[in-house]
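2 protein chains.
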Amino acid sequence: MPDQPQDSAPAQRKNLAREVVLTLRSDIISGTLPPGVALAEPALAKKFGSSRAPVREALIELEREGLVQFEATGRTRVRTLTEQDFDEIRDARIALESMAARRAAARWTPAASEFIERNIARQENASTLAELSRLDVELHEYVVRMAANQRLLALWQSIRWQFEMCLASTHRLQQKMAFKPLQITVSGHRLVLAALASGKPDVAAQKMAAHIEGSMEWSPSAAGVEEHPLERGAAAFSHS
Amino acid sequence: MPDQPQDSAPAQRKNLAREVVLTLRSDIISGTLPPGVALAEPALAKKFGSSRAPVREALIELEREGLVQFEATGRTRVRTLTEQDFDEIRDARIALESMAARRAAARWTPAASEFIERNIARQENASTLAELSRLDVELHEYVVRMAANQRLLALWQSIRWQFEMCLASTHRLQQKMAFKPLQITVSGHRLVLAALASGKPDVAAQKMAAHIEGSMEWSPSAAGVEEHPLERGAAAFSHS
DNA sequence: TTGACTCAAAGTGTCGACAATTTAAAGCTC
DNA sequence: GAGCTTTAAATTGTCGACACTTTGAGTCAA
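Quick note, the sequences are listed as chains A and B, same order.
Each residue of the first sequence is one higher than the one before, counting from 1 in my numbering.
Each residue of the second sequence is one higher than the one before, counting from 1 in my numbering.
No lab work stands behind these hints: they were computed from the structure.
Quantities reported herein were computed from a predicted structural model and do not represent experimental measurements.
Certain hints may be false.
To be verified - Keeping only pairs whose Cα atoms sit at most 25 Å apart, straight-line, the calculated DSS-like set for lysine-lysine is:
(1) Lys47(B) x Lys14(B)
(2) Lys14(A) x Lys200(B)
(3) Lys47(A) x Lys46(B)
(4) Lys14(B) x Lys46(B)
(5) Lys47(A) x Lys14(A)
(6) Lys47(B) x Lys47(A)
(7) Lys46(A) x Lys14(A)
(8) Lys47(B) x Lys14(A)
(9) Lys14(B) x Lys46(A)
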């Protein structure tokens, strides 16, 4: 494990709320909790064997991450991502990550290149979509960390889970498309790495932007799948 | 008031916590609550005549906005901004706002130009630093809203108060510098407006980036003021 | 069958309380 | 007086409770 350049955990309060966040986040991204499902505090508290206080804080955190949505009445639901949401997340990623690449290029190291190369190699040998996604996110996070900007990292992390939700959701819809679009991704990674290693900030930023643009091109619209809600908001869901 | 293109308040839960956030935020930015001061929940609850629950939620929100910091022990303090923080915020703004300008340029309207022009005119007639700052932030927020991207807007808003904290803090330190650096800002605004109105995304993005870079150039370091903490963390402060 | 109305069940916002932990002061030794 | 130890105050994390609001099923009239 080479130099993870920036650690991001300056704040770490409570403990129980943290566990609730982790579990719910995982359930939402995996689709166990489908979009549109209501998340009632008493039910969740019972499920986690806690009181409502930690659950409440967890929901606030998940709202901040864009995974759930507060309604005006106060009720909380798993967020439904539309095609427009998909585009918005893409643009936000481009904004943050191309700046990250710009700064990262200026302080790039051989160790960083090595890390990215190993990551790409593992991507080429990946056997499942899930594994591929995990590696892809890992790579991008590494670049953002290399920018050594806590704000940039925090902003990126705050949309990270929405992005992963998009990814997972799309995967579930397009098993048929399989790996094809992801090969494009892998070749794009090589271009980005070359730009980073060359130490040219402008080029790195431009390549990163182009790469994200391309890798998120195969959106539901491009694939001709659903229209508005990425997945039909599953009304049928019973917790506990 | 022309088309405020994007409204950003889809979620709006609690009410008491909201009031606490507003008051504390204002006190922190104005310097009434100086950097480093500890914010204890019981004392704040007493001050606001509420229980700890709303205060707690408010502190979480302020942490998210970067105005306060949680320590590992759980204690909360008003955040101390360093020179590096200043640079980080600048870069984050450049990332978000140049993308915003790029998208805004594509959907620019005469009404938008009119709004910005009125804003610039008011800036030229502004008589206080505070007023000038307020107008400057208003202008930039308008551009971000014109991008019609909820994520971009949310990300921008999440660092907005840190930026205002920088501004206010710097103003308090450099009353002497007065308006000079802000004239640069005003002329930069005209360039940005021209690019936006021309409808060329690349140019708009580039001009916005250059403008922010320039307007945040007059940092404490450039002015040769303090080194690390932007302001000496005032240890002397008694609440209530 | 449809539609408005009623009313109980459920949910949120807020509160005060308690144990565990941390902080800061008082006390003691040298 | 300086430094370490003890002790009391303060603070956090979590809990259960209550009032008020929303939701939704069931009822009744048309």
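Consistency of the hints with the structure:
1. A threshold of 25 Å between alpha carbons decides the hint, and for Lys47(B) with Lys14(B) the separation of about 18 Å falls inside it, so the pair holds.
2. Restraint check for Lys14(A) and Lys200(B): not satisfied, since their Cα atoms lie roughly 48 Å apart, outside the 25 Å limit.
3. Between Lys47(A) and Lys46(B) the CA atoms are separated by roughly 33 Å; this puts the pair beyond 25 Å, and the hint is violated.
4. Taking the CA atoms of Lys14(B) and Lys46(B), the gap is near 19 Å; set against the 25 Å cutoff, the hint holds.
5. The hinted pair formed by Lys47(A) and Lys14(A) meets the criterion: a straight-line CA distance of about 19 Å does not exceed 25 Å.
6. For a cut-off of 25 Å, the pair hint linking Lys47(B) to Lys47(A) is broken: about 35 Å separates their Cα positions.
7. A threshold of 25 Å between alpha carbons decides the hint, and for Lys46(A) with Lys14(A) the separation of about 19 Å falls inside it, so the pair holds.
8. This hinted pair checks out: Lys47(B) and Lys14(A) have alpha carbons roughly 24 Å apart, not beyond 25 Å.
9. Proposed proximity of Lys14(B) and Lys46(A) is supported: the alpha carbons are some 23 Å apart, at most 25 Å.
Comparing the model with each numbered hint stated earlier shows that hints 2, 3, 6 do not hold.
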